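Spelled out from the first residue to the last, the chains are:
Protein chains: 4
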Amino acid sequence: MIPDQDFIKKQDIPGPTKEEVRCLVMCKSQVSSKDVVVDAGCGTGGLTLEFARRAKKVYAIDKNPDAIKVTRLNLQKHHLEGNVHLIEGNAPQILNEIPDFDILMIGGSSGELPSIIEKGYQKLKDNGRIMVTAILLETRVEAVKAMSDLGLVVDVIDVSISKGRIIERGTMLEARNPVTIISAHR
Amino acid sequence: MIPDQDFIKKQDIPGPTKEEVRCLVMCKSQVSSKDVVVDAGCGTGGLTLEFARRAKKVYAIDKNPDAIKVTRLNLQKHHLEGNVHLIEGNAPQILNEIPDFDILMIGGSSGELPSIIEKGYQKLKDNGRIMVTAILLETRVEAVKAMSDLGLVVDVIDVSISKGRIIERGTMLEARNPVTIISAHR
Amino acid sequence: MIPDQDFIKKQDIPGPTKEEVRCLVMCKSQVSSKDVVVDAGCGTGGLTLEFARRAKKVYAIDKNPDAIKVTRLNLQKHHLEGNVHLIEGNAPQILNEIPDFDILMIGGSSGELPSIIEKGYQKLKDNGRIMVTAILLETRVEAVKAMSDLGLVVDVIDVSISKGRIIERGTMLEARNPVTIISAHR
Amino acid sequence: MIPDQDFIKKQDIPGPTKEEVRCLVMCKSQVSSKDVVVDAGCGTGGLTLEFARRAKKVYAIDKNPDAIKVTRLNLQKHHLEGNVHLIEGNAPQILNEIPDFDILMIGGSSGELPSIIEKGYQKLKDNGRIMVTAILLETRVEAVKAMSDLGLVVDVIDVSISKGRIIERGTMLEARNPVTIISAHR
Chain A
1 MIPDQDFIKK
11 QDIPGPTKEE
21 VRCLVMCKSQ
31 VSSKDVVVDA
41 GCGTGGLTLE
51 FARRAKKVYA
61 IDKNPDAIKV
71 TRLNLQKHHL
81 EGNVHLIEGN
91 APQILNEIPD
101 FDILMIGGSS
111 GELPSIIEKG
121 YQKLKDNGRI
131 MVTAILLETR
141 VEAVKAMSDL
151 GLVVDVIDVS
161 ISKGRIIERG
171 TMLEARNPVT
181 IISAHR
Chain B
1 MIPDQDFIKK
11 QDIPGPTKEE
21 VRCLVMCKSQ
31 VSSKDVVVDA
41 GCGTGGLTLE
51 FARRAKKVYA
61 IDKNPDAIKV
71 TRLNLQKHHL
81 EGNVHLIEGN
91 APQILNEIPD
101 FDILMIGGSS
111 GELPSIIEKG
121 YQKLKDNGRI
131 MVTAILLETR
141 VEAVKAMSDL
151 GLVVDVIDVS
161 ISKGRIIERG
171 TMLEARNPVT
181 IISAHR
Chain C
1 MIPDQDFIKK
11 QDIPGPTKEE
21 VRCLVMCKSQ
31 VSSKDVVVDA
41 GCGTGGLTLE
51 FARRAKKVYA
61 IDKNPDAIKV
71 TRLNLQKHHL
81 EGNVHLIEGN
91 APQILNEIPD
101 FDILMIGGSS
111 GELPSIIEKG
121 YQKLKDNGRI
131 MVTAILLETR
141 VEAVKAMSDL
151 GLVVDVIDVS
161 ISKGRIIERG
171 TMLEARNPVT
181 IISAHR
Chain D
1 MIPDQDFIKK
11 QDIPGPTKEE
21 VRCLVMCKSQ
31 VSSKDVVVDA
41 GCGTGGLTLE
51 FARRAKKVYA
61 IDKNPDAIKV
71 TRLNLQKHHL
81 EGNVHLIEGN
91 APQILNEIPD
101 FDILMIGGSS
111 GELPSIIEKG
121 YQKLKDNGRI
131 MVTAILLETR
141 VEAVKAMSDL
151 GLVVDVIDVS
161 ISKGRIIERG
171 TMLEARNPVT
181 IISAHR
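Chains as they are written, first to last, in the numbering used here: chain A, 1 to 186; chain B, 1 to 186; chain C, 1 to 186; chain D, 1 to 186.
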């Protein structure tokens, strides 16, 4: 994984998704070099870059132009622009305009999560996967509901990571905010 | 419990122990109005004040004069000075000089945890309790070992609390650093 | 707190709420000997008994007759029947029939959480408190929403406790399922 | 990752390491197809199999013949025996007898963790990595200390995962016991 501190950050743009959560998302997504990935709500680009290293093609979408800018800077910094299409705009609409894909990653949804899941599902190839990372209580429930409503078997893991900081007196655990990863296979 | 934000704080003085952890310490200590309590490493005074509200008498010890000062300010602010003896000094030595007690609370130990537990145990009345709150990996192990070496049955709970913050888009969980409460009854 | 193992249990009846969660609920509820408490969905009676020890009067409601039975057995075992009214029935309806109260505790809601909160709020005395313990993702969100809709300031804590088990080789942490405590003051 | 339920299990043999922890260990170890890996205390073989899929060669060691047997069965079941050497015996001794390696994974240490780390470090190639998964409080501290004593920069993450179980009434979170991953690079 790319270390957290190796990402360029921009004020008011969320992310990057922490290293350990990116790792778990990569595992759960079963991404391979044959996969086309959509990263909806790319933010700082944390997951975009990890998918870029592993997938065939990545569409990274964000309605915030600053998020697109900082994701581009991070792709450039890590020489990963080659297979990434950056698209500024509204995810539910853009999903209609791009070709079918294997993985739909939703890290940010601006309150449109059910619509993104529903529209994304229609463009998901056979054996495709939908992934949501949720930090809000409400988003967790919306993601589970939207995937269940599509008849999918939903996998939910709630992840709490504390990082050890070694100080003179010993090893302190510093908690990271919990993140829930909700995923399903077509 | 006294709300976290109702404590006066002082730079470089740890604490106050968070509300939820104070609550669990009070329950586990089974403190009553007949109990004499020693609070070793009182820091900001978070636990000192809670014990002061419930116990007969509290000896609050800290080797840092600034900790004694800020604990005094907090006791005054909450009108709880009446039954608290503030003592600046080294806990292992002071334990020798004070009368027997019912509860030994160790929130800070400056690397002398085994010695404080051992000396404190000798002055612990029948049915007395020893409580340690640990934020370091090393302190957890030292506390379990020192209490087990005395032949005590040790209770260990590792506590991770996240607080919900309600923002426009929903409820975010913000993690607090984990704390381990190690306790034993004589 | 009453130790977890000191409760009589009955198959298919949830609870008792674990010791540490009961402790936190008691703290957050600020229960005193002047308070009238309603415990909706009392299950095994874990919280009923703790409130019975601290409050003036407790109405314990459950629609499952077996829950009422096992709560009665636990009250008898701990000699706490004196100030508890056990009521078999549907909480939203029973809330209409009992006098006003200071604390509404909702541990089980059979899918009627919003209705229980709304009706309970109307009978809540000044400075009254509403408490929900939630183990489902969906219940957390419902509780936050129903309380926010009433204009209340909502307190949310997500509690993960691991208990240490001391075995020959060392101290193992055994995780308890996370519980969220949602509460608000009138 | 191989699903947890796809491993053959044997009574009294610990493991397999849960899917999410295996995922994090793979990420932290930065294993590649050029790496020679030692898996000390292989247990059920959970990590052995994941390394076998990614590394050049794996030495899996366990002093318990039943652990060797069940790891072999799991390798066979998943057709991964090709690059794995199974060795029944004492890790500190066997480390002396095998060629240098890139990754030392210690999942079980039978109380000999400091010695395994110390001996393993001597055989670690440039840019090699040492990984420990710890479920005991004591092992966490031993691992941090042994790696720090070698002058290494130690990475500590404490991982708490809850799995969602979707039942009729909603989504319940079921906690897994916390695991700490301690790692360092040469």
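By construction, these hints were calculated from the structure, which means they are not laboratory data.
Since we're looking at a predicted model, the values are computed, not measured.
Keep in mind that a hint or two might mislead.
In this list, chains with the same sequence are indistinguishable; a pair is considered to hold if it fits within one copy or across any two.
What the hints assert, rightly or not - The list that follows gives simulated cross-link-like pairs (lysine-lysine, DSSO-like), each with its CA atoms no further than 27 Å apart:
#1 Lys9 to Lys34
#2 Lys163 to Lys63
#3 Lys69 to Lys145
#4 Lys145 to Lys163
#5 Lys163 to Lys9
#6 Lys145 to Lys34
Comparing the hints with the structure gives:
no., hint, in the structure
1, Lys9 to Lys34, "neither (30 Å within a copy, 33 Å between copies)"
2, Lys163 to Lys63, "neither (32 Å within a copy, 29 Å between copies)"
3, Lys69 to Lys145, "neither (33 Å within a copy, 35 Å between copies)"
4, Lys145 to Lys163, "between (32 Å within a copy, 16 Å between copies)"
5, Lys163 to Lys9, "both (21 Å within a copy, 26 Å between copies)"
6, Lys145 to Lys34, "neither (29 Å within a copy, 43 Å between copies)"
Hints 1, 2, 3, 6 from the list above are not met by this structure, while the remaining hints are.
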